[in-house]
Amino acid sequence: MRIEAKNITYVYGSGLPWEKKALDNVSLTVEEGEFVGLIGETGSGKSTLVQILNGLLKPSSGEVLIDGVNIFKEKGLLSRVRFRIGLIFQFPEQQLFAETVFDDVAFGPRNMGLGFEEVSWRVEEALLKVGLNPLHFRSRSPFSLSGGEKRLVAIAGVLAMKPKVLILDEVTAGLDPKGKKEILARIQLLHKNEKATIIMVSHDMDEIAALAEKIVILKEGRVVLSGKPEYVFSRPELLEAQGLTLPTLPGLLFSLRQCGWNLPTAVFDLKEASRLIKEELSRASC
Amino acid sequence: MPLAEAVTLGQYVPGTSFLHRMDPRVKLLITLFFLVILFFINKISGYCFFLVILFLLVKTCGISLKYLFKGLKPILILILFTLIAQGLFSGEGRILFSWGIITISDVGLWKALFMSMRLAMLVFVTTLLTLVTSPIDLTDGMDRMLSFLTYLKFPIHEVAMMMTIALRFIPTLLDETDKIIKAQISRGAPLDRGNIFKRLKALISVFIPLFVSAFRRADELAQAMESRCYRGGVGRTRMKEMRLSLLDLWGTLIALGIGSSTALFNFLPYWFL
Numbered sequence: 001m002r003i004e005a006k007n008i009t010y011v012y013g014s015g016l017p018w019e020k021k022a023l024d025n026v027s028l029t030v031e032e033g034e035f036v037g038l039i040g041e042t043g044s045g046k047s048t049l050v051q052i053l054n055g056l057l058k059p060s061s062g063e064v065l066i067d068g069v070n071i072f073k074e075k076g077l078l079s080r081v082r083f084r085i086g087l088i089f090q091f092p093e094q095q096l097f098a099e100t101v102f103d104d105v106a107f108g109p110r111n112m113g114l115g116f117e118e119v120s121w122r123v124e125e126a127l128l129k130v131g132l133n134p135l136h137f138r139s140r141s142p143f144s145l146s147g148g149e150k151r152l153v154a155i156a157g158v159l160a161m162k163p164k165v166l167i168l169d170e171v172t173a174g175l176d177p178k179g180k181k182e183i184l185a186r187i188q189l190l191h192k193n194e195k196a197t198i199i200m201v202s203h204d205m206d207e208i209a210a211l212a213e214k215i216v217i218l219k220e221g222r223v224v225l226s227g228k229p230e231y232v233f234s235r236p237e238l239l240e241a242q243g244l245t246l247p248t249l250p251g252l253l254f255s256l257r258q259c260g261w262n263l264p265t266a267v268f269d270l271k272e273a274s275r276l277i278k279e280e281l282s283r284a285s286c
Numbered sequence: 287m288p289l290a291e292a293v294t295l296g297q298y299v300p301g302t303s304f305l306h307r308m309d310p311r312v313k314l315l316i317t318l319f320f321l322v323i324l325f326f327i328n329k330i331s332g333y334c335f336f337l338v339i340l341f342l343l344v345k346t347c348g349i350s351l352k353y354l355f356k357g358l359k360p361i362l363i364l365i366l367f368t369l370i371a372q373g374l375f376s377g378e379g380r381i382l383f384s385w386g387i388i389t390i391s392d393v394g395l396w397k398a399l400f401m402s403m404r405l406a407m408l409v410f411v412t413t414l415l416t417l418v419t420s421p422i423d424l425t426d427g428m429d430r431m432l433s434f435l436t437y438l439k440f441p442i443h444e445v446a447m448m449m450t451i452a453l454r455f456i457p458t459l460l461d462e463t464d465k466i467i468k469a470q471i472s473r474g475a476p477l478d479r480g481n482i483f484k485r486l487k488a489l490i491s492v493f494i495p496l497f498v499s500a501f502r503r504a505d506e507l508a509q510a511m512e513s514r515c516y517r518g519g520v521g522r523t524r525m526k527e528m529r530l531s532l533l534d535l536w537g538t539l540i541a542l543g544i545g546s547s548t549a550l551f552n553f554l555p556y557w558f559l
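Protein chains in written order, with the numbering used here: chain A, 1 to 286; chain B, 287 to 559.
What you were told as hints is all true, and nothing was included just to trick you.
Just a sample of chain A residues kept apart from chain B, beta carbon distances all over 12 Å, derived: (1) Lys-21; (2) Ser-61; (3) Glu-74; (4) Pro-134; (5) Ser-146; (6) Gln-188; (7) Leu-211; (8) Ala-241; (9) Leu-252; (10) Phe-268.
Keeping only pairs whose Cα atoms sit at most 30 Å apart, straight-line, the calculated DSSO-like set for lysine-lysine is: (11) B:Lys-356 x A:Lys-20; (12) A:Lys-75 x B:Lys-487; (13) B:Lys-359 x A:Lys-21; (14) B:Lys-487 x A:Lys-150; (15) B:Lys-468 x A:Lys-214; (16) A:Lys-195 x B:Lys-468; (17) B:Lys-487 x A:Lys-162; (18) B:Lys-359 x A:Lys-58; (19) A:Lys-73 x A:Lys-162; (20) B:Lys-468 x A:Lys-162; (21) A:Lys-129 x A:Lys-195; (22) B:Lys-484 x B:Lys-359; (23) A:Lys-21 x B:Lys-356.
Quick caveat, the hints were computed from the structure, so don't treat them as lab data.
On a predicted model such as this, the values are computed, not experimentally measured, just so you know.
No residue lacks a Cβ here, since even glycine has one placed at the ideal position from N, Cα and C.
My request is simple: use the sequences and hints to build the entire structure.
Laid out in structure tokens, this is it:
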């Protein structure tokens, strides 16, 4: 499944005193099986863009093509699109509502019109995928869980629909480091094992740099830079000019390079970075 | 369109115009004065004059007229109903057209026009007040103006505080509702399709999270207020003391001027139309 957004513009409050252009002529292509990281500061239009990709907002102009079909043109396509593209909102735990974890996770599959057996099978599978033991959790109230567990249940609620594409909007926001690590690991597993296409929205450069195969940087509603991480982070001057901070390792390497060291900046592995720095050090002492 | 954008009645547009800077108490009194005037006007000339003045006032605040008209949307049905009820069914005066229960008469038509204009202008005047006065200022003004009620054991400060909090949370809750609706729709909730029963049932998935978060917010707010030693209105001072200024004197004079000239226009002879 290939998603193509073409020349998307979105205006909030058109004609009102606080009219604001959230997206300005944004184009973006996501290939099947790709892991795309969408980076931008607050107010850069990331959340608006993913809501448009999910068909929740209709762009003021431009079109969204899924496998070449315009999702806003074809009647009745939108609800099917939403089952195929799972969107996990920021703080998804706020949408929990059912009496038991089982019922909440089953909400999506039931809306798809699946039979009882299929639903309970999918719920079980989804809970396992996020690392929650179905036997232990299925009959508990979602409101009695801890913050991290609630979020995992909410994610399971989207996974249970078995979407082909998963969009995650700031999925680690507000979690402790352990919870963050756990969720990121689960997402990486989904991408590796199930070949799921993933679009991850974040303002955390480190998070995205470690996972994404393609990076799109938004600023004030425009795409300022996009491409493979090696490409994007080997142009630190461009990033800094846009007022964006580099991920930790490329940032360090870039600072060293500015001191006259001969180092690449697109390095994301700690061992690789330390090897390069050692090499440079030994060369300098010679 | 996000929910928060759809509601314009009671919205505040920040600014620094003459009307923005006036004391909320004076603005409240002037609004009341205008509302009373509206009920005394009984000629088209009076209404037209008042409408022109109102539009001029809106212009001085740098707010587009389009925005003022948007405030009419929620009561459009009421206005239409008035128009139809008055225009088609009242048989006073000379009858122009009659068919079954429908009777159109000249007096009926005039009355229909009057009533709907009056309704629209009532909304215009109150919308103008909320457009140029922040909700906090508004309730603060009410609090101060009605503080004499505390002598009658009426907890006016508490009522004003409740109103402030309620107004403050309208946009927040609207945003949240918007978000929850979107989240559930993207999980396939039949909120925007299917029959009415399906839709109503799907609303549960919106209301429960909304209530949960509203209660959580209320709890947090209560704690925040307590931790800052809030204990009601007695002996409470304010950061922004309300003081009448020359601006308010001018405002009052202008309002009185508008009032008397409207009266003048209203009592001009009929042929002046």
